[in-house]
Amino acid sequence: MLPEATHDQHHPALAHQFDSLAAQSEATTLGMWVFLATEVLFFGGLFACYAVYRAWYPEAFAAASRSIDITLGATNTVVLITSSLTMALAVHAAQTGKRKVLMTFLVITMVLGVVFLGIKSVEYYQKFTEHHIPGPNFSFEDGKFNRHAQLFFSLYFAMTGLHAVHMIIGLGIMLTMLWWSWRGIITPEYYSPIEISGLYWHFVDIVWIFLFPLLYLIGRHAH
Amino acid sequence: MPLRIYYTIFAILMFCTYLTVQMAFLDLGEWNTFAALAIAIFKATLVVLFFMHVKYSPKLTWAVVIGSVFWLGILLAFTMTDYLTRGWRTYG
Amino acid sequence: MATLLLPPRHYLNDGYGIKSWLLTRDHKRIGLLYLAAITLFFFVGGAMAVLIRLELATPVGDLVSDETYNKLFTMHGVMMVFFFLIPSIPATLGNFLIPIMIGAKDLAFPKLNLASWYIYICGGLFTLYALVAGGVDTGWTFYTPFSTVSSTTNVIPTALGIFVTGFSSILTGFNFIVTIHRMRAPGLTWFRMPLFLWSMYATSLIMVLGTPVLAVTILLVALERLFHFGFFDPAVGGDPVLFQHLFWFYSHPAVYIMILPSMGVVSELVAAFCRKQIFGYSFVAFASVGIAVLGFLVWGHHMFVAGESVFASMIFSALSFLVAIPSAVKVFNWTATMYKGSISWQTPMLYAVGFIGLFTIGGLTGLFLASVGLDIHVTDTYFIIAHFHYIMVGGALMGYLGGLHYWWPKISGRMYPEFLAKLSAGIIFLGFNLTFFPQFILGYLGMPRRYHAYPPEFQVLNVLSSAGASILGVGYLIPMLYLMWSLRYGKIAGSNPWGAVGLEWTTTSPPPTENFAVTPIVTWDAYEYGTRVKDHVA
Numbered sequence: 406m407l408p409e410a411t412h413d414q415h416h417p418a419l420a421h422q423f424d425s426l427a428a429q430s431e432a433t434t435l436g437m438w439v440f441l442a443t444e445v446l447f448f449g450g451l452f453a454c455y456a457v458y459r460a461w462y463p464e465a466f467a468a469a470s471r472s473i474d475i476t477l478g479a480t481n482t483v484v485l486i487t488s489s490l491t492m493a494l495a496v497h498a499a500q501t502g503k504r505k506v507l508m509t510f511l512v513i514t515m516v517l518g519v520v521f522l523g524i525k526s527v528e529y530y531q532k533f534t535e536h537h538i539p540g541p542n543f544s545f546e547d548g549k550f551n552r553h554a555q556l557f558f559s560l561y562f563a564m565t566g567l568h569a570v571h572m573i574i575g576l577g578i579m580l581t582m583l584w585w586s587w588r589g590i591i592t593p594e595y596y597s598p599i600e601i602s603g604l605y606w607h608f609v610d611i612v613w614i615f616l617f618p619l620l621y622l623i624g625r626h627a628h
Numbered sequence: 016m017p018l019r020i021y022y023t024i025f026a027i028l029m030f031c032t033y034l035t036v037q038m039a040f041l042d043l044g045e046w047n048t049f050a051a052l053a054i055a056i057f058k059a060t061l062v063v064l065f066f067m068h069v070k071y072s073p074k075l076t077w078a079v080v081i082g083s084v085f086w087l088g089i090l091l092a093f094t095m096t097d098y099l100t101r102g103w104r105t106y107g
Numbered sequence: 016m017a018t019l020l021l022p023p024r025h026y027l028n029d030g031y032g033i034k035s036w037l038l039t040r041d042h043k044r045i046g047l048l049y050l051a052a053i054t055l056f057f058f059v060g061g062a063m064a065v066l067i068r069l070e071l072a073t074p075v076g077d078l079v080s081d082e083t084y085n086k087l088f089t090m091h092g093v094m095m096v097f098f099f100l101i102p103s104i105p106a107t108l109g110n111f112l113i114p115i116m117i118g119a120k121d122l123a124f125p126k127l128n129l130a131s132w133y134i135y136i137c138g139g140l141f142t143l144y145a146l147v148a149g150g151v152d153t154g155w156t157f158y159t160p161f162s163t164v165s166s167t168t169n170v171i172p173t174a175l176g177i178f179v180t181g182f183s184s185i186l187t188g189f190n191f192i193v194t195i196h197r198m199r200a201p202g203l204t205w206f207r208m209p210l211f212l213w214s215m216y217a218t219s220l221i222m223v224l225g226t227p228v229l230a231v232t233i234l235l236v237a238l239e240r241l242f243h244f245g246f247f248d249p250a251v252g253g254d255p256v257l258f259q260h261l262f263w264f265y266s267h268p269a270v271y272i273m274i275l276p277s278m279g280v281v282s283e284l285v286a287a288f289c290r291k292q293i294f295g296y297s298f299v300a301f302a303s304v305g306i307a308v309l310g311f312l313v314w315g316h317h318m319f320v321a322g323e324s325v326f327a328s329m330i331f332s333a334l335s336f337l338v339a340i341p342s343a344v345k346v347f348n349w350t351a352t353m354y355k356g357s358i359s360w361q362t363p364m365l366y367a368v369g370f371i372g373l374f375t376i377g378g379l380t381g382l383f384l385a386s387v388g389l390d391i392h393v394t395d396t397y398f399i400i401a402h403f404h405y406i407m408v409g410g411a412l413m414g415y416l417g418g419l420h421y422w423w424p425k426i427s428g429r430m431y432p433e434f435l436a437k438l439s440a441g442i443i444f445l446g447f448n449l450t451f452f453p454q455f456i457l458g459y460l461g462m463p464r465r466y467h468a469y470p471p472e473f474q475v476l477n478v479l480s481s482a483g484a485s486i487l488g489v490g491y492l493i494p495m496l497y498l499m500w501s502l503r504y505g506k507i508a509g510s511n512p513w514g515a516v517g518l519e520w521t522t523t524s525p526p527p528t529e530n531f532a533v534t535p536i537v538t539w540d541a542y543e544y545g546t547r548v549k550d551h552v553a
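Chains as they are written, first to last, in my numbering: chain A, 406 to 628; chain B, 16 to 107; chain C, 16 to 553.
It cannot be assumed that every hint is accurate.
Examples of chain C residues lying across from chain B (beta carbon under 10 Å, computed) [unchecked claim]:
(1) Leu-257
(2) Gly-315
(3) Glu-323
(4) Phe-403
(5) Met-407
Rather than coming from a laboratory, the hints here were simulated on the basis of the structure. Note that beta-carbon positions come from the ideal geometry of N, C-alpha and C, so glycine has one too.
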């Protein structure tokens with residue numbers, strides 16, 4: 406929530422419907438958790454599709470998964486987990502009132518986020534040149550799996566695409582947080598915006614923690 | 016919270032990433048999937064408990080986290096109840 | 016009693032300009048914005064229903080073509096379900112009352128609350144555009160592969176409209192959950208809360224946990240339709256039934272989004288007009304949460320004939336029967352509350368009693384449908400249509416109108432005309448039953464839904480139904496007219512015209528923008544009629 410000026414005796418960030426900043430921050434944190442519960446179910450629909458088709462077509466899924474570059478996927482996992490660490494450190498800096506440290510870690514987190522999206526687009530480009538985009542021009546090397554591999558890639562693009570959209574939104578949030586930190590809105594008594602932005606960022610990380618093994622690591626041992 | 020905890024968790028997460036990639040190249044039969052998922056769940060739990068501070072949060076936060084996972088479980092389990100008990104497979 | 020006057024300062028005269036409404040963060044004004052918007056969509060959806068019933072007055076398809084007819088019932092369903100019933104009570108009465116009932120100044124996130132209204136309007140405009148630009152013919156359920164491969168109508172704009180509106184519903188639910196958890200007045204424990212709040216809490220849980228699954232499913236349909244991705248397409252090995260699983264994971268619980276708020280309203284009405292504590296308060300409270308949770312475990316009963324495994328059908332069937340338990344708990348407890356109560360038959364109570372009766376019929380026929388054998392016989396017939404209209408119109412809409420009348424003096428500061436209101440409640444009850452009871456028989460005889468022509472032997476029952484629909488339409492127009500009339504000319508109500516207990520009746524009518532001059536401290540249980548009520552009467 407944007408801070409707004411209320412009465413003089415109040416903290417500028419205190420909204421009129423709350424009695425204290427503590428009550429307000431408890432409510433916003435709970436709000437973020439409830440929102441994340443929504444997000445779990447949002448991705449949940451895709452995971453349900455994945456579970457059904459993986460159970461139906463395990464060989465096609467393994468073959469399709471092998472065609473994705475595991476190095477890019479693993480690198481991205483490392484990048485994203487590192488960004489989660491820097492995000493946690495940013496929240497810690499906000500709690501302890503170290504503004505410069507906070508801003509530094511926010512910038513590092515954003516840079517890592519951009520690196521992640523960059524690697525992702527390289528990966529998408531590879532898929533594009535290999536005709537692995539589902540649709541009329543789709544073709545898969547192993548003709549036996551031509552149909553069912555489309556299901557895998559539809560899910561691959563939907564899941565990673567939706568994850569990437571969340572990353573982009575996350576970068577927008579980080580930019581706002583950087584701006585607020587720079588303006589000095591974030592203080593040790595009012596750092597809940599950073600805290601809930603952190604919760605969101607970690608959630609996006611968790612989604613990736615599941616996407617990585619499910620999309621990149623199946624059927625690797627066969628080759 | 017001491018910073019040491021964040022670095023320790025980070026190290027464990029990195030090790031688990033290494034482990035899950037390595038295990039993917041071993042032929043464990045059906046256990047490949049279970050191992051990959053177990054490691055992912057373990058990693059996610061660490062992130063939730065420490066990076067997201069749930070370990071130090073009120074019971075209500077725990078309830079929201081557990082509730083959301085439980086509802087995801089309902090979605091997956093009841094959908095699979097159908098797919099795993101069909102005597103036929105469509106469009107194979 | 017001295018002549019009543021409106022309070023000098025209240026939320027309605029706190030600024031008059033268009034900006035004071037469109038940029039308001041006051042939950043009461045946002046509730047009224049929603050009220051205006053859902054009324055509009057209700058009458059758009061209602062107009063479709065009128066055309067449907069006109070067409071069905073004769074056995075041959077003479078008024079509209081079969082394609083137009085498909086679009087009519089689709090838009091009727093889309094408008095009524097997503098743009099009227101889902102937001103009806105939560106976004107209007109819920110928005111208006113939750114902060115007042117818990118003694119708070121506003122919801123936890125007033126800006127998000129306003130944002131939810133704008134999101135809702137955007138979604139509504141998209142859908143209206145789809146309607147004006149030629150309509151959509153998939154049925155409100157958007158079943159694949161028809162919606163992804165075959166239909167040539169405006170599936171995408173409609174789906175986008177519903178997708179967008181879903182977020183407004185999520186925001187509303189999320190705001191309510193946080194508000195009820197975090198903003199209750201001192202002393203207002205969970206078991207002192209009015210049952211309306213319990214039902215709104217349960218509703219919000221469904222909104223927050225179910226809606227995202229619908230959102231992602233609609234997204235997949237759009238991807239499949241636009242870019243030929245394969246998710247539900249048999250051509251690449253996909254299963255159309257999977258769409259139905261995901262769709263009903265939300266859309267079955269969505270029925271409880273519609274009915275639970277009405278149940279909450281009825282609990283308030285029964286207590287207030289029988290002047291008694293609700294019999295078995297905690298049972299009714301837990302029944303709300305129980306319905307919300309059980310509602311998520313039964314979706315497969317929509318797919319008994321769709322190719323679902325027999326085992327899964329049996330599980331879903333058994334679980335569906337379980338929903339009857341908390342529903343029956345509520346009906347029995349309302350009846351037990353009325354027993355030996357001093358009942359005053361004012362308009363809201365008429366609606367409450369109407370609700371109890373019609374919901375019972377709707378619920379019991381639901382049990383028919385939960386049993387696999389019978390369901391196979393009546394799937395996709397008018398029996399289904401009649402069943403869910405008894406729940407959604409006879410139940411949800413009756414509760415909504417009852418609540419609107421009960422809290423109208425609080426919302427507007429003025430009374431509605433009692434005689435006209437009673438008359439229209441009677442007309443609605445009569446018209447409703449005449450419209451939908453024949454459809455039970457039609458369905459049982461085998462008349463399928465979604466056809467614009469039918470064999471001549473069904474005509475008598477169809478004419479009865481169409482006649483009932485015209486009576487029902489009149490019944491809905493009268494309240495709209497006299498409620499608007501009463502805004503200016505109604506008798507001044509005073510802060511507590513019903514002599515009811517509950518925090519909302521302790522503040523002025525209409526309430527001030529900040530709801531209470533002093534944050535109340537609650538030291539009493541809900542519905543302490545007989546002991547506390549004397550202090551309350553204005």
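Answer holds if the nearest beta-carbon of chain B is closer than 10 Å to that of Glu-323 (chain C); otherwise answer violated. holds, 5 Å
Minimum beta-carbon distance criterion (10 Å), Gly-315 (chain C) to chain B: holds, 7 Å
Restraint: Leu-257 (chain C) near chain B, CB-CB cut 10 Å. Satisfied or not? Holds, because the Cβ-Cβ distance from Leu-257 (chain C) to chain B comes to roughly 8 Å (cut-off 10 Å).
May I ask you to test the interface hint for Phe-403 (chain C) with respect to chain B, counting a Cβ-Cβ separation under 10 Å as satisfied? violated, 22 Å
Report holds or violated for the interface hint on Met-407 (chain C), using the least CB-CB distance to chain B and a cut-off of 10 Å. violated, 24 Å
Checked against the numbered hints above, the structure violates hints 4 and 5; every other hint is satisfied.
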